[in-house]
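Let the hints inform the model, and build the full structure from the sequences given.
All residue numbers for the sequence shown refer to this note's numbering, where the first residue is 1 and numbers rise by one.
Treat the hints as calculated values from the structure; they're not laboratory data.
Note that the structure is predicted; figures quoted are calculated from it, not measured.
The reader is advised that the hints may include incorrect statements.
[Said to hold, decoys possible] Label pairs and their in silico Cβ distance ranges:
#  : residue 1 : residue 2 : range
1  : Asn180    : Ala130    : 44 to 52 Å
2  : Gly234    : Asp263    : 30 to 38 Å
3  : Glu203    : Thr56     : 31 to 39 Å
4  : Gly244    : Glu21     : 37 to 45 Å
5  : Ala250    : Glu299    : 18 to 26 Å
6  : Thr150    : Ala250    : 52 to 60 Å
7  : Glu276    : Gly244    : 52 to 60 Å
8  : Gly244    : Gly274    : 41 to 49 Å
9  : Gly5      : Ala250    : 32 to 40 Å
10 : Glu292    : Phe135    : 44 to 52 Å
11 : Gly244    : Glu167    : 19 to 27 Å
12 : Trp76     : Ala100    : 25 to 33 Å
13 : Ala250    : Ala100    : 47 to 55 Å
14 : Asp81     : Glu127    : 16 to 24 Å
Cβ coordinates follow ideal geometry from the N, Cα and C atoms, glycine included.
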Amino acid sequence: SRVEGYRNFVTKLWNAARFMEMNECRRVAGFDPAANTLAVNRWIVGATSRAAGAVTKQLEDYKFNEAANAAYDFVWGTFCDWYLELAKPVLQGEDAGAKAETQATAAYVLDQILALLHPFMPFVTEELWAETGKFGPARDRLLILSDWPTAAFEDAEADAELNWLIEVVSAIRSVRTEMNVPAGAKIPLLIIGAGADTGTRVESQLTTLMRLARLETVDYGTDAPKGSAQIIVGEATLALPLAGVIDISAEQARLTKEIGKEDGEIEKIDRKLGNEQFVAKAPPEVIEEQRERRQAAVERRERLAAALARLS
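Okay, structure coming up:
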């Protein structure tokens with residue numbers, strides 16, 4: 001339900017703040033986010049600026065639901081799911097300078113988040129504002145009296161690099177799930193047709209890419225080995241040789257069987273929706289439910305077919 005979803009969101013935010021406290025992410029007096037040097041930190045500051053702009057515009061247009069959704073998507077999808085995950089190795093690493101920059105950036109972004117969320121959830125954000133205020137410079141006012149986020153920062157190069165990394169990791173994770181690759185298995189990655197930008201990004205983000213996508217090796221080549229799952233990202237083809245990781249024939253048979261099941265589901269719904277008596281007598285919400293079920297089945301079939309094609 002929606003209530004459970006919002007409860008989970010508050011829990012996610014609270015846990016993010018606890019994670020930051022455990023990793024000593026404290027506010028720094030005079031911190032200038034534009035002075036960051038790490039791509040991941042420049043990326044999240046730019047993303048925060050864009051989120052603040054989106055929330056502000058929706059509030060000014062009295063589109064409160066859209067404003068809340070913009071804040072929700074940024075906090076959960078960008079900050080919690082990606083930035084904190086990308087920041088972990090830096091926070092737990094040996095580079096003191098990179099660690100200090102990331103700690104200060106995370107604390108800065110959390111402050112911006114609390115301000116953006118305050119109109120929608122004032123009590124939790126005010127409590128977190130007070131708790132995080134115990135570390136770093138003393139706060140001189142309540143959150144409700146603090147300045148609204150107005151920073152305008154963009155770094156197109158950092159955005160492109162981190163968005164590329166997120167796209168690659170997401171695509172590889174999807175393939176692993178679709179192909180039933182064991183969660184603990186590390187697989188090789190072969191990059192075909194990489195341009196200069198892709199090569200630079202791979203070099204810059206190699207350690208993070210291998211950790212998040214659970215890769216054994218990353219190499220360059222000209223042809224994909226037989227039994228490889230292939231993904232197109234930009235100008236490059238990413239080949240994941242799976243012959244030694246999964247039973248290719250068994251996986252092809254499983255995918256073919258699953259496609260057949262979805263075809264049967266689609267055919268069954270089509271017969272129902274093609275029945276004039278059913279359409280005439282069924283309540284509108286029942287008909288809409290059937291259409292949604294059909295669309296979901298079509299989307300599942302497309303994903304299964306794409307997975308099968310990757311192994312052909």
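Quick rundown of the hints versus the structure:
1. Asn180 - Ala130: 44 to 52 Å: With a Cβ separation near 47 Å, Asn180 and Ala130 satisfy 44 to 52 Å, so the hint holds.
2. Gly234 - Asp263: 30 to 38 Å: At roughly 33 Å between Cβ atoms, Asp263 and Gly234 fall inside 30 to 38 Å, so the hint holds.
3. Glu203 - Thr56: 31 to 39 Å: Check passed, 37 Å falls within 31 to 39 Å.
4. Gly244 - Glu21: 37 to 45 Å: holds, 43 Å
5. Ala250 - Glu299: 18 to 26 Å: The hint (18 to 26 Å, Cβ to Cβ) holds, given that Ala250 and Glu299 are roughly 24 Å apart.
6. Thr150 - Ala250: 52 to 60 Å: Given about 57 Å between the Cβ atoms, the range holds.
7. Glu276 - Gly244: 52 to 60 Å: Holds, since Glu276 and Gly244 (Cβ atoms, about 54 Å apart) stay within the stated range.
8. Gly244 - Gly274: 41 to 49 Å: At roughly 47 Å between Cβ atoms, Gly274 and Gly244 fall inside 41 to 49 Å, so the hint holds.
9. Gly5 - Ala250: 32 to 40 Å: holds, 37 Å
10. Glu292 - Phe135: 44 to 52 Å: holds, 47 Å
11. Gly244 - Glu167: 19 to 27 Å: Since the Cβ atoms of Gly244 and Glu167 sit about 26 Å apart, the hinted range of 19 to 27 Å holds.
12. Trp76 - Ala100: 25 to 33 Å: holds, 27 Å
13. Ala250 - Ala100: 47 to 55 Å: At roughly 50 Å between Cβ atoms, Ala100 and Ala250 fall inside 47 to 55 Å, so the hint holds.
14. Asp81 - Glu127: 16 to 24 Å: holds, 23 Å
Consistency note: the structure conflicts with none of the earlier hints.
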